[in-house]
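Enquirer: Top line first, the protein sequences correspond to chains S and V. Using UniProt numbering, the letters of the first sequence correspond one by one to residues 1 to 349. Using UniProt numbering, the letters of the second sequence correspond one by one to residues 1 to 349.
None of these hints come from the bench; they were simulated from the model.
Same chains, same names: a pair is fine if it fits in one copy or spans any two.
DSS-like mimics (lysine-lysine), calculated; alpha carbons at most 30 Å apart, straight line:
1) Lys95 - Lys69
2) Lys63 - Lys265
3) Lys229 - Lys302
4) Lys48 - Lys265
5) Lys48 - Lys302
6) Lys73 - Lys229
7) Lys229 - Lys69
2 protein chains.
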Amino acid sequence: MHARRLAVLFLAALVSALAAAQAPAPAAREAPVRTLPVPDSVSPAMQKIIANPLHPRWLSEPKDANEWKALVKQAYDAVMPALPRLREALGVAVKPDTMGGVPVYVITPRSVAERNANRVLLHLHGGARVLHPGEAGTYEAILMAGLAGFHVVSVDYRMPPDHPFPAALDDAVAVYRALVAKYPPRNVAVFGASAGGSLTITTLLRARAEGLPMPGAIAPGTPTVDLTKTSDTLFTNDGVDNTLGTYDRMIRASALLYANGRDLKDPLLSPIYGDVRGFPPAILTSGTRDLYLSNTVRMHRKLRAAGVEAVLQVWEGQSHTQYIGDFNAPEVREYHEEVARFLDRHLGR
Amino acid sequence: MHARRLAVLFLAALVSALAAAQAPAPAAREAPVRTLPVPDSVSPAMQKIIANPLHPRWLSEPKDANEWKALVKQAYDAVMPALPRLREALGVAVKPDTMGGVPVYVITPRSVAERNANRVLLHLHGGARVLHPGEAGTYEAILMAGLAGFHVVSVDYRMPPDHPFPAALDDAVAVYRALVAKYPPRNVAVFGASAGGSLTITTLLRARAEGLPMPGAIAPGTPTVDLTKTSDTLFTNDGVDNTLGTYDRMIRASALLYANGRDLKDPLLSPIYGDVRGFPPAILTSGTRDLYLSNTVRMHRKLRAAGVEAVLQVWEGQSHTQYIGDFNAPEVREYHEEVARFLDRHLGR
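Isolated chain S, as found in the complex:
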């Protein structure tokens, strides 16, 4: 097995060298089959998450609205039972409300430090722009409120199949508008994972276009900043990431469902193609096995090139969104401590 892999490597190098001698620029290369042990370089709690099998959901490709709704319900039913225990363990209260005409959940930790009393985080949940409606979208917000100690407002934005683009963005901007009317904008941060990380950035693009002020900081986690199959780790981490598995099935299908015929490179769909000059300080997060590692580092570079203070953290061995995979894992607590420190440094009081 070992010898065979080495033979493949040798042959690949030889073939590439011969190809390079003949053609001006060799193109794609083949990565061999590899065995990926669960790494020793992470905590036991994170090892369990990394050892999990891929959920078959991400290999599905719903063909019509009914199939999408069945998938959404399945995910909803899987998330909901965990929430009461999570709220209790982290001492967090969740209350439905309306803000800017949009349904939201107001999430309040048991105790809020004095310096966070007049600060608020706007949360945009993940789930490929189609999963986690209603209270199911509060999972990440409960973690942030409980582990970082902030007031959080989580937006229950509309989603396809019934409400494709720009419904989600309209809702996010409406709540943002209400928040920056109520709080000094520098006291507001926006955050979210995956689709929510991308929506964090497109919300700022739209807010700016509408003349709204920028918030004090943002924390996009492994954001889907490019809905096309461009980012390199969509290829290199295909079959390596055990959260999403591959771009080629549900991820692509949900991108097309959300875009509803619009060009996937529209900056309000794929903010990597937008203009991020003047953005507030940003903390971005990914993992070495993350299918969206490239999405994350491309956005980090783009922000830096635009002169924005942007910091990057990449977690060892983690696939997509595993930095919020289990609140008992030390990595998950450390993630929230990093974000809390970053926001504390940049938000107004």
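For chain S, the structure is supplied; the task is to place chain V on it using the hints.
Expert: Relative to the frame of chain S, chain V by itself:
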């Protein structure tokens, strides 16, 4: 092909799910064969580097001192002819000298900004602790002097097979001692790539143990902070990285050659096992295809957990050390601009 890969993914998910139902914790998983196109998300100059075939050098395993020396000579002969043109293009002068009894190269850019006049960078070259003796080690230092505009002193440290551990470290610390006697320590930075990035950190560990002051900042690029096969991307990016290819051949062989019987987890060999509290600000760099991406992010997390100001940059699509792969690539210039800004912020004048 596409259908086959998906079938494999489906089967893998199914098998994992079945295994999970039976066993307490599923272990390793298989990553399928993947075709990796050269990404569209990098510059044309970087695309050329990413499209290069793996150099067969990294698949070799020299069996004795003579075979090692032949390999060292081959690499030396490949690097040397490029240096005169590089020095000229970047307007950099290189002069051999001695410092603390150790041979060094003093590298001076044509013009040095006023604020950098009394600052100096100590450079520790890469090459798996065995390659690039003499002037061949100045490549990275020429880039840094020319593109970031600093005075650089590059250490021609002793290497195996004739001089295994701790010769290189002794030499690096001797030059560091001389530099912090001549300059205010806060005006000194230490940097290097790969083996040189690791040596940057072990030099600080030894310097501290010997009562020397810390420098103003460090810039370890894709540092080999763990000589054992522990880091997750040694597995996930095996056969993906086109600079190093795999840990299993020359990388492991050179680690054992350098360690010379010492435990590979000794912190002076693998500084990820050391105590980095009190370290100066650090900027760390890697790429999404880098075999040492995990080495880099593990070190970043370790520094952050120790309360050190440490920033991370990860470059899209790049394998090991490709951020210094071609001074014409915009990514390579941007890398040096980032490091220059970081050092400017942290070094004394």
